[in-house]
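Chains as they are written, first to last, in the working numbering: chain V, 1 to 425; chain X, 1 to 425.
Quick caveat, the hints were computed from the structure, so don't treat them as lab data.
One or more hints might be untrue.
Pairs involving identical chains hold if they fit within one copy or between any two copies, as the list cannot separate such chains.
As the list claims (entries may be wrong) - Think about it this way: if two alpha-carbon atoms lie no more than 25 Å apart in a straight line, the pair counts; the simulated DSS-like pairs of lysine-lysine are:
1) K333 to K31
2) K90 to K31
3) K333 to K365
4) K382 to K338
5) K294 to K382
6) K333 to K375
7) K382 to K333
8) K294 to K375
9) K31 to K382
10) K375 to K338
2 protein chains.
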Amino acid sequence: MSDIEAMIARRNRLLGPAYRLFYDAPLHLVKGEGVWLIDADGGRYLDTYNNVPHIGHSHPAVVAAVQSQIADLNIHTRYLHDTILDYAEKLLATFEPALDTAHFCCSGTEANELALRLARDATGNQGVIVTECAYHGHSQAIYEISTRDVGARGLPDYAIAVPAPDLLRGPHRGADALAHYLDHIAKAAETLNQRGYGVAAMIVDTIQSSGGTVVPPMGYYRQAAEIIRQAGGLFIADEVQAGFGRAGTDFWVYQGHDVVPDFVTLGKPMGNGMPLAGCIAQRAHVEGFARSHKYFNTFAGIPVSCAAGLAVLNVLEQENLQANALDVGNHLKAGVAKLAEEHDAIGDIRGSGFFIGLDLVTDRKTMNPATALTKSLIEAMKERHVLSGAIGPDMNILKIRPPMVFTRDHADLLLETLGASLRAL
Amino acid sequence: MSDIEAMIARRNRLLGPAYRLFYDAPLHLVKGEGVWLIDADGGRYLDTYNNVPHIGHSHPAVVAAVQSQIADLNIHTRYLHDTILDYAEKLLATFEPALDTAHFCCSGTEANELALRLARDATGNQGVIVTECAYHGHSQAIYEISTRDVGARGLPDYAIAVPAPDLLRGPHRGADALAHYLDHIAKAAETLNQRGYGVAAMIVDTIQSSGGTVVPPMGYYRQAAEIIRQAGGLFIADEVQAGFGRAGTDFWVYQGHDVVPDFVTLGKPMGNGMPLAGCIAQRAHVEGFARSHKYFNTFAGIPVSCAAGLAVLNVLEQENLQANALDVGNHLKAGVAKLAEEHDAIGDIRGSGFFIGLDLVTDRKTMNPATALTKSLIEAMKERHVLSGAIGPDMNILKIRPPMVFTRDHADLLLETLGASLRAL
Chain V
1 MSDIEAMIAR RNRLLGPAYR LFYDAPLHLV KGEGVWLIDA DGGRYLDTYN NVPHIGHSHP
61 AVVAAVQSQI ADLNIHTRYL HDTILDYAEK LLATFEPALD TAHFCCSGTE ANELALRLAR
121 DATGNQGVIV TECAYHGHSQ AIYEISTRDV GARGLPDYAI AVPAPDLLRG PHRGADALAH
181 YLDHIAKAAE TLNQRGYGVA AMIVDTIQSS GGTVVPPMGY YRQAAEIIRQ AGGLFIADEV
241 QAGFGRAGTD FWVYQGHDVV PDFVTLGKPM GNGMPLAGCI AQRAHVEGFA RSHKYFNTFA
301 GIPVSCAAGL AVLNVLEQEN LQANALDVGN HLKAGVAKLA EEHDAIGDIR GSGFFIGLDL
361 VTDRKTMNPA TALTKSLIEA MKERHVLSGA IGPDMNILKI RPPMVFTRDH ADLLLETLGA
421 SLRAL
Chain X
1 MSDIEAMIAR RNRLLGPAYR LFYDAPLHLV KGEGVWLIDA DGGRYLDTYN NVPHIGHSHP
61 AVVAAVQSQI ADLNIHTRYL HDTILDYAEK LLATFEPALD TAHFCCSGTE ANELALRLAR
121 DATGNQGVIV TECAYHGHSQ AIYEISTRDV GARGLPDYAI AVPAPDLLRG PHRGADALAH
181 YLDHIAKAAE TLNQRGYGVA AMIVDTIQSS GGTVVPPMGY YRQAAEIIRQ AGGLFIADEV
241 QAGFGRAGTD FWVYQGHDVV PDFVTLGKPM GNGMPLAGCI AQRAHVEGFA RSHKYFNTFA
301 GIPVSCAAGL AVLNVLEQEN LQANALDVGN HLKAGVAKLA EEHDAIGDIR GSGFFIGLDL
361 VTDRKTMNPA TALTKSLIEA MKERHVLSGA IGPDMNILKI RPPMVFTRDH ADLLLETLGA
421 SLRAL
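Could you build the full structure based on these sequences and the hints that come with them?
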């Protein structure tokens, strides 16, 4: 038995069988450095898809912040501490003035739990509108509305799914598509009212990740929020995957869509890997809740996590990483467009900055999802020491979501490997 | 405006209004060292109630483990990593062989979410039995069964509360109390069957913290588990507060009650303040789930948290801290008993090791809860630089749950301060 096989056997013995590993031959990692992951044999892999180590694996600023804070104090939020306030202030400054109130959580799941709880309390309603093929978390109240995973059991009666505004593969694609997609929302609100739940919230991934990197047409979010508010509900922008400058154009993706959400939920990249998430709210929506409830979450907003979060914001600013994401993202898209001249399997390239989805198809005429090819491609790239993954309803979208310190040189290596791997398949 | 007032104002402006602070004059903390918390003015406070910094604030072993791991790699569980396996192995060795499968989470809330989800999947049932005045977490599926907080809204139809087996203040106190408390469980199971939910699980805090440090009579858990299993459900021991040797007698409190739970949930002390929690399961209960579901939780089981968890287990062992908890806990209880000769307000002292509740009463004849006195006492002790807090349905139980490195000298300081504060009130 190889070391890797022995490790897998040990893992299968100790951990729950519902855990999964990436790749046919899983990687045994020991070190991370910027955009590189290093395995036990010293092999170096270019990381083109991990969006949690936002400013790069083991970024010295995060390492220093965590090392310093863990040595001093790591206590809960029922005492006063400077770091949580410094962090909240810097974080809130990235939002519109109306989004003025921060809550911290340990995971994106908890952030969405809190946003829904606050929305229900503020509106007095229970109903939720979600997009199809969305994933918002793994707690019961969240996975039961995560349309990617509900399967045959279907949504609970209080939740209605609307089609993701996918102009490539969605049910509406023409000039009037936007109106049709909005109409689904209005009808869903009406149905929730008829069922007696009312509308508490609509929740959307601002770039719909599980849906296959769906970027909605301009006007969708703004008008969706209007419809929801007219129906008495609130609009929750889930920026757990898309936020913190990743898309390059805006710090928060919703900001490019001329809408101010009622709640914004944050997670993955927030602490560069430390368990840090957040629910940012408009103050008016949380005052009623505070009169009858306390909010306490043992590990949320602890100094060590906030120190990591603060380092992330500082580095994004100092190293101008949002602009880097836009620049290198455009370079990547141009490179993929060039590869597409040679490869009919490249059906579409979408997203922006470092939130790019490469839509792989059997051929561009039918645009049928190339699920098997995508899996083979990922394994072939991994053999060439470039790491990526698949997403989307048909698992045919190659994720390009590298750490924000990914350079043009890294992009060229990715493009070269992508081309070589496609040619070899 | 004082510095503290300015800080509170800043906090009120930035954070959600549902956040709360401890004490009339909240503490601005900057440093933690073992059992000591240090404020911005250099004031040193003896910490007698924080159960998260399990082996002491800023324990060098945890500091070193976190500092080393954060510099190397901090990645999710879909790659192979040694630390999660080393930790899982050492952790599982503290349980009976039947509890052989580990899942990691970011919070006790998430651990209870997962346990309930797994129990429902394994049994095909939905119903839940909880004890009165219990707190299990803040996500929707958990807070709606957290009887401490449900208030007028009541429990959902699928959940039934049974009285906590409180021999001091509960509805049954005599020789036949145990039989009565068990009868409540049997009746609840019957009702859940009649309502069509069946019984998925009973969940209990093994020392009922929010209920006021209720230690059930011997036989309660064992027979409760039997009743639940006969009804087709599973038994979840919530050791989030009580576990990791705190009670002194056993590493897990259920182990003193001759029962092997189906799931055990872990949290607070697990990573000495790092966001680490867990759900330990009997393998047979999770195999069906794994056939149809994946389990992934971005920040759960990351190397940095597991390194902290491993350091905690090592130090507990090396420094013999469970035995210390029992020894110093007994010393504390003897000291409180001596104080009780002088103070009629000390109605009861219960729990064991470093999970002690001091039940304060208006007088020992009526045993009426002394809620106001408890609050004053906590403030008076804080003025003397000894930190404690209140718990229980009437907030009249003084928590004595210090870090596990609390010595007899610390205990004497606590007892001296407790005595002086009681005399001064």
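> Within a copy, between copies, both or neither: where do K31 and K382 come within 25 Å Cα-Cα?
Replying inline: within (17 Å within a copy, 45 Å between copies)
>> Cα distance capped at 25 Å. Does K294 pair with K375 within a copy, between copies, both, or neither?
In response: Answer is between; shortest inter-copy Cα gap is 18 Å, intra-copy 47 Å.
>> Within, between, both or neither: how does the pair K382, K338 come out at a Cα-Cα threshold of 25 Å?
In response: Result: close within a single copy only, 22 Å intra versus 69 Å inter.
> Is it within, between, both or neither when you check K382 against K333 at 25 Å Cα-Cα?
Replying inline: Result: close within a single copy only, 21 Å intra versus 61 Å inter.
>> One pair to classify: K90 and K31, alpha carbons no more than 25 Å apart. Within, between, both, or neither?
In response: Classified as between: cross-chain Cα gap 23 Å, same-chain 30 Å, threshold 25 Å.
>> Checking an output row: K294 and K382, CA cutoff 25 Å. Within, between, both or neither?
In response: between (48 Å within a copy, 23 Å between copies)
> Is it within, between, both or neither when you check K333 against K375 at 25 Å Cα-Cα?
Replying inline: within (21 Å within a copy, 63 Å between copies)
> Under a CA distance limit of 25 Å, which applies to K333 and K31: within one copy, between copies, both, or neither?
Replying inline: neither (29 Å within a copy, 48 Å between copies)
>> For K375 and K338, with the copy left unspecified, which applies at a CA distance of at most 25 Å: within, between, both, or neither?
In response: within (22 Å within a copy, 71 Å between copies)
> Given identical chains, is K333 near K365, meaning Cα to Cα at most 25 Å, within a copy, between copies, both, or neither?
Replying inline: within (21 Å within a copy, 79 Å between copies)
Violated hint for the displayed structure: number 1, the only one.
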